[in-house]
Amino acid sequence: MKLRYALGALTAIGMAAGASAASADTLEDIKAKGSIQCGVSQGLPGFSSQDDAGNWTGIDVDFCRGVAAAVFGDADAVKFTPLSAKERFTALSSGEVDILSRNTTWTMTRDTQLGLNFAGVNYYDGQGMMVPSELGVTSATELDGASICTNTGTTTELNITDYFRANNMSFELVAFEKADEVVAAYDSGRCQVYTTDRSGLAAQRLKLADPEAHTVLPEVISKEPLGPVVRQGDDTWFNIVKWTLNAMINAEELGVTSANAAEMADSDNPNIKRLLGTEGTFGEQLGLPNDWAMQVISQVGNYGESYEANVGANTPLKLAREGSVNALWTNGGLIYAPPIR
Amino acid sequence: MTSTTASEQSEDSGGLTSLLYDPKARGLVFQVLLLAAVVAFFAWILDNTITNLADAEKRSGFGFLGETSGFRMLTTLGTFMVESRAGVATYLDVFWIGVINTLAVSVIGIIAATLLGFIIGIFRLSTNVVLRGFATAYVELLRNIPLLLQIFFWYFLLIELLPGKRERVQLAGDVFGINKFGLFGPYPQFFEGFGTVVWAFIGTALLVWALSWAMKKRQEATGRPFPMFWVGLALLVAIPLATFYAMGAPMEWEFANFRAADDLMPDGRKVGPIRAGFETPSAGNPAPGIVIKPEFIALWLALSLYTASFIAEIVRAGILAVPGGQTEAAKALGISPTVTLRKVIIPQAMRVIIPPLTSQFLNLTKNSSLAVAIAYPDIVSVFAGTALNQVGQEIEMIFMMMMVYLLISLGTAAFMNWFNDRMMLVER
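For the protein sequence lines, the chains are Z and V, in the order given.
Just add 14 to the spot in the first sequence (first one is 1) and you have the numbering used here.
Just add 60 to the spot in the second sequence (first one is 1) and you have the numbering used here.
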């Protein structure tokens with residue numbers, strides 16, 4: 015009798031421990047609860063931000079919707095958790111969110127020491143500089159002696175110091191605690207240069223009195239590859255997230271869009287057939303329905319559609335894709351996905 | 061056998077019982093238990109922290125202080141006094157720069173707040189309606205608006221209203237230049253012979269001190285007053301000034317240098333739009349003159365004006381605490397109103413004013429930590445902000461910062477206590 019009780023108690027403890035340690039089978043858990051929990055930023059226009067009606071939009075939001083479409087065939091089966099930069103990794107490793115899609119830079123420390131897996135890159139960012147156009151400056155090499163505004167407590171302070179030291183130029187750094195004060199100080203003329211990630215410059219620029227009167231300089235002084243992140247130790251889930259991103263990129267390369275996906279399923283191109291599930295069993299190998307990518311593309315769109323709708327030249331951010339590192343590799347950019355075969 | 065054991069036991073328990081009912085012994089036991097509990101609690105916290113840090117593979121200790129920091133700081137008093145070049149300055153240098161900047165804004169703020177607070181406090185008791193109304197409005201307005209908002213107000217007012225960097229706007233002839241990038245002033249250049257002037261000043265100060273002591277004795281003995289303040293001031297100005305010219309004026313002012321965009325640099329290049337304006341002296345870039353940044357001015361203004369409103373109320377309360385009979389008694393003795401204020405009212409009011417004044421000085425020092433909001437590099441901003449983000453040793457760095465504030469506050473309090481003892485009523 016006593017032994018049985020003891021065994022029962024041990025089993026209970028074991029289960030409790032298993033449940034708390036962010037269960038290894040994320041896909042089963044997600045199917046059980048019926049939706050994906052996605053960690054996003056608290057509001058970065060173009061990447062993830064809420065509109066007046068409370069709907070989330072942005073390139074990071076689209077990606078989570080894509081994963082939901084792949085798993086459930088329903089892009090709306092996803093719930094968003096806004097996270098600060100400080101709490102994002104804890105939220106992921108504790109199991110509070112299943113994917114972190116929050117303009118997070120892929121670095122070696124995060125890969126190796128924080129127990130994370132980066133599923134790829136959905137935006138290649140880098141630190142840039144913005145100056146008032148009336149200064150007539152066209153290159154960062156002309157900035158000797160400049161006064162530069164930025165945020166305190168980020169890598170931007172280090173990057174900008176490194177850049178000026180490497181080019182043997184002097185400068186003055188005015189570091190504020192919050193981004194709003196940086197924008198206000200720059201706008202008032204306290205600084206000649208505003209530095210942060212280039213996508214951040216594009217978003218913060220909209221807050222200036224006259225956004226058109228400022229120029230973003232061509233120099234990119236750091237590498238900030240942003241991408242979705244999952245916990246280490248669950249390869250099934252890692253593969254699903256990784257291949258959802260790859261499917262969106264391959265779809266763009268093959269010319270499959272949300273509008274023509276249904277027709278393209280009958281295409282003669284075997285690459286498109288494999289992508290859309292009319293040939294092979296690629297979905298089943300992921301543990302998903304065979305039309306997983308078809309659902310992603312028809313409900314959310316391919317990578318290019320998501321880019322143009324959220325951050326592209328026709329959005330307020332005006333981050334032109336043509337000629338940038340975020341163009342498809344066939345157009346000279348870095349956006350490249352391994353083939354589905 | 062059994063019976064003996066029982067009797068022994070009862071004897072023992074009798075001894076224990078008497079000890080249990082002894083209030084002194086009982087008190088001691090509880091004290092020891094409490095102490096043990098407190099020690100165990102802190103030991104547990106310490107052990108937990110060390111274990112968790114080890115588990116997280118985070119390093120601990122103060123070794124990081126010797127490593128070089130890779131970021132640049134705003135030009136301030138701290139960067140003039142301590143090495144601040146990126147890649148050369150260590151985290152210990154960064155720490156000292158933060159400490160110096162916190163001290164600089166606190167000390168100058170305390171002086172300004174005290175002067176202004178005394179003036180406003182006396183105005184509040186004035187019979188002049190305009191002065192009294194102004195002082196009342198000042199106090200009620202400034203002490204009722206949150207300090208952070210006032211800091212933002214002064215900062216953005218300054219950088220919005222001041223002229224742009226490339227404009228040449230000068231004050232007091234050509235002595236000062238001012239724009240969004242700071243207040244540019246002259247810097248003294250000393251030559252051989254200036255040491256004699258310094259010694260002349262020290263000698264005069266000693267002479268004035270001796271004279272003041274002798275004249276005080278004379279007044280106590282004969283009752284004849286001596287205009288010590290004016291005589292002392294005249295001596296302190298006249299003798300060092302005479303020495304200065306006798307030595308051939310061994311000091312010159314060096315003025316801030318203004319460069320237009322089309323001017324040429326020594327290397328033949330044009331100055332260009334970025335460097336045009338007053339030249340800013342900074343670490344690794346020597347330039348004539350000195351600069352005070354708008355971040356410092358705004359923080360100093362906000363802290364001084366805000367704290368002055370509290371000091372004014374303390375001063376008013378102190379003066380009102382002196383009984384009216386004192387003024388009447390002085391009048392009856394034929395003492396003039398000015399002397400009554402200086403020799404009768406203020407010395408007695410000071411006894412009431414000093415203790416709460418000390419609290420205001422401490423508040424001002426601690427409030428200076430709001431500097432990070434407007435980019436003034438105080439200790440919270442550079443050490444607990446930027447440096448902490450790069451080193452990541454929260455416990456050690458926050459501990460160092462807390463110690464700085466504790467030492468500054470204890471030092472201020474010790475000085476004010478000493479001052480208070482001197483001001484205490486000496487009863488004869």
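It is worth saying that the hints were derived from the structure and are not from the lab.
Each hint should be verified, as a subset may be incorrect.
Unchecked claim - For the chain Z half of the interface with chain V, some residues (derived, Cβ under 10 Å), not all of them:
| no. | residue |
| --- | --- |
| 1 | Thr166 |
| 2 | Ser202 |
| 3 | Glu293 |
| 4 | Gly346 |
| 5 | Leu348 |
Said to hold, decoys possible - Here are the in silico distance ranges between beta carbons for each label pair:
| no. | chain 1 | residue 1 | chain 2 | residue 2 | range |
| --- | --- | --- | --- | --- | --- |
| 6 | Z | Met183 | V | Met288 | 51 to 61 Å |
| 7 | V | Ile455 | Z | Glu101 | 53 to 63 Å |
| 8 | Z | Thr126 | V | Leu467 | 33 to 43 Å |
| 9 | V | Pro407 | Z | Met183 | 57 to 67 Å |
| 10 | V | Ile205 | Z | Asp39 | 48 to 58 Å |
What the hints assert, rightly or not - Reference listing, derived: stretches of chain V covered by chain Z, where coverage requires no fewer than 3 residues with Cβ under 8 Å from a Cβ of chain Z:
| no. | segment |
| --- | --- |
| 11 | 218-225 |
| 12 | 242-254 |
| 13 | 333-339 |
| 14 | 444-456 |
| 15 | 470-477 |
Beta carbons are placed, not taken as given, at the ideal position from N, Cα and C, and that holds for glycine.
Each hint, compared with the structure:
Interface hint at Thr166/Z: satisfied, since its Cβ lies 5 Å from the closest Cβ of chain V, which is below the 10 Å cut-off. Contact between Ser202/Z and chain V, as hinted, is supported at the beta carbon level, the nearest pair being about 5 Å apart and thus within 10 Å. Look at Glu293/Z: its Cβ only gets to about 48 Å from chain V, farther than 10 Å, so that hint breaks. Interface restraint check: Gly346/Z against chain V, minimum CB-CB distance 32 Å, threshold 10 Å, status violated.
Taking 10 Å as the C-beta contact cut-off toward chain V, the hint placing Leu348/Z at the interface is violated, the least distance being around 28 Å. Hint check: Met183/Z to Met288/V, Cβ distance near 57 Å, so the stated range 51 to 61 Å holds. Between Ile455/V and Glu101/Z, the C-beta spacing of about 20 Å breaks the proposed range 53 to 63 Å. A C-beta distance of roughly 40 Å is found between Thr126/Z and Leu467/V, which places it inside the suggested range of 33 to 43 Å.
Between Pro407/V and Met183/Z, the C-beta spacing of about 59 Å keeps the proposed range 57 to 67 Å intact. Checked against the hint of 48 to 58 Å, the C-beta distance between Ile205/V and Asp39/Z comes to roughly 56 Å, which is consistent with it. With a cut-off of 8 Å between beta carbons, the segment 218-225 of chain V has 4 residues touching chain Z; three or more are needed, and the interface restraint holds. Three residues within the 8 Å Cβ limit are the bar, and the segment 242-254 of chain V against chain Z gives 0, so the coverage statement is violated.
Counting residues of the segment 333-339 of chain V whose C-beta lies closer than 8 Å to any C-beta of chain Z gives 3; at least three are required, and the coverage claim holds. Proximity of the segment 444-456 of chain V to chain Z, defined as three or more residues with a beta carbon under 8 Å from a beta carbon of that chain, is established by the 5 residues found. With a threshold of 8 Å between beta carbons, the proposed coverage of the segment 470-477 of chain V by chain Z is violated, since 0 of its residues qualify and at least three are required.
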